[in-house]
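Asker: Please model the complete structure; the sequences and the hints are all you need to start from.
Protein chains: 2
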Amino acid sequence: MNKEMKCIDVDVHNDLKSPQELLPYLSEPWRSRVASSGLGFPGHGYWSPVGVVRKDCIPPSGGPSASDPDYLVKDLVEQFNMDKVILTGNLTNSSTIHDPDYAAALVSAYNDHIVADWLPKHESFRGSITVAPQDPSLAVREIDRLADHPAMVQVLMGSAQRAGLGQRQFHPIYEAAERHGLPIAIHPGGEGAAGMPAPTPAGYPTRYLEWHTCLSQNYMAHLTSLVCEGVFEKFPKLKFVMLEGGIAWLPHLMWRLDKNYKALRSSVPWLKRLPSEYIREHCMFSTQPIEEPDDPKQLISIFDMIDAENILMFSSDYPHWDNDMPTEILKRLSSEARQKIFYDNAKALYRI
Amino acid sequence: MNKEMKCIDVDVHNDLKSPQELLPYLSEPWRSRVASSGLGFPGHGYWSPVGVVRKDCIPPSGGPSASDPDYLVKDLVEQFNMDKVILTGNLTNSSTIHDPDYAAALVSAYNDHIVADWLPKHESFRGSITVAPQDPSLAVREIDRLADHPAMVQVLMGSAQRAGLGQRQFHPIYEAAERHGLPIAIHPGGEGAAGMPAPTPAGYPTRYLEWHTCLSQNYMAHLTSLVCEGVFEKFPKLKFVMLEGGIAWLPHLMWRLDKNYKALRSSVPWLKRLPSEYIREHCMFSTQPIEEPDDPKQLISIFDMIDAENILMFSSDYPHWDNDMPTEILKRLSSEARQKIFYDNAKALYRI
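Same order as they appear, the protein sequences are chains A and B. Here the first sequence stands for residues 12 to 363, where the numbers follow the numbering used here. Here the second sequence stands for residues 12 to 363, where the numbers follow the numbering used here.
Keep in mind the hints are simulated off the structure, nothing from the lab.
Repeated chains share a single entry, so a pair holds when one copy, or any two copies, can fit it.
30 Å max Cα-Cα, derived DSSO-like pairs, lysine-lysine: (1) LYS66 to LYS273; (2) LYS342 to LYS273; (3) LYS342 to LYS308; (4) LYS308 to LYS270.
Answerer: What follows is the structure, given as structure tokens:
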């Protein structure tokens, strides 16, 4: 984009200065747990040789990258003339916590922190209601608690899950989101952590390079599950946002799923349309990490196959190591397509 | 293809009339096990509403589809004027057996059965040395035992594995295959069976429709593993054949892997080229189940991105429910591309 174009960034990872920031919002015994031991997410055991966050955007005030609202405004929002940024934070790995009560308390405290310590700091900030789906009834309670806040624009959870997100245990969460008119976004990070399925169907890869490359597979699995379990028939107004899972695999998945559906539809009698139609109508995808073939026309061909201008939304993933800045990507699209992907699609979805 | 074009079919599932056919080739205690209890593969729990094999190709002599060599010649080889068919059999799920001694005994008996009961029956038949990689040293012994048979043209194993196929425990198998000039083929089927990782990174899907759609993910994971672990640097003459894993996901995987490699290459210092270059040079892919977009030109676009005419080989997957017949697919390719995919590529790979 050029800097005159309006832009909404749908995946910005504001961070905690430290876990201690959550203590005012936690009750016992969780306050003592976090005070003594931090957040305590189960680990997945992979290490990035370039780090997970950029070191060149550490705030002058100290603390981790993206932990200072004022500096985030300066370094991202103002630099790229962003109209809105959707804060996705750093708590989606709460989906991997073993104890459902702790997970629910933690995301609730985190949501309070977003409402109190971030949203008032700048008019561009929009927040996500992070939920932990281990106990769906507690996730529903959290959605009901915060859905009326005008700047909380979506429900957010980790893509690291014990089961495909179409399965019935998750449906109360979708009922609540649909009732409040909020989309559900998912974000990777905890894939393969203790308690989760292996991060690939071939088990645990050796290195972060392989783990990160394979993250898209989890999105393919969840999307297949959401469609086949009939989530979009049961919740016809529900929208899903697939953050940071890649894009160029979509033609393959839609073709394979449609073909298999035609042969095996007797096992999913609740579906009334082709799987690809549900995907196009109900799912949005963030752009980062954008695939970069040597020949950029190949990505344009893929975009044509998936009606990209109507299902993509720009995301930077700031401040992560592989973030995409809006002035650097999607230069070859038409100005109409860029307008939709950088602004209009997110504006409509999030009712901005 | 037209019926005048020569054709090699690289994935034909000859079947046992019954497990009893293996008894002459088994020693105790395995002979008693199979006699009393059949093959005993761990199950994955998914059920196809259309069955797994076509019922319209059951031999007049009785027994399962594709269990009668003479009828397979009549129903497939002669009907489609096939020059050669690569028999891939029905033992690749032996990769899921818990006991490495039983798995090794079973595939060895099966290979003897192929050599004695199938290969002499028709000049078009070529066999695969099925191996069980649970104990790599026993797999190496099996390769060494049969590699000199002129009609055994590849090493074959299940894609259902406890770990990514690039990992070091598998390297002795690759050393043996390379030493004998044999490609390694992998075939799906046991994904998610007891003892294997979940068939998706989102756990166990609910139905066969979802399980089958997600099989491609296992191929993405193995291919990522093979490249990143340096298998193709360590075994520069080794070729891999990816049977029945799909094709249209390849641009995505190559782009994502190349991009991640550029940033994270310090963790795989043994790689000297881009991941996509290893894939193009060392891996072949079978066509079935071919993706079928509404607009066939979209598949041609994907083919252009992956140099399809040099990495694809025709397969029917006869007699499975979703098999592709050679007269029905790839009609829009140039005659030069069809010649390579239906014949030349397999002829060169298998030294036919």
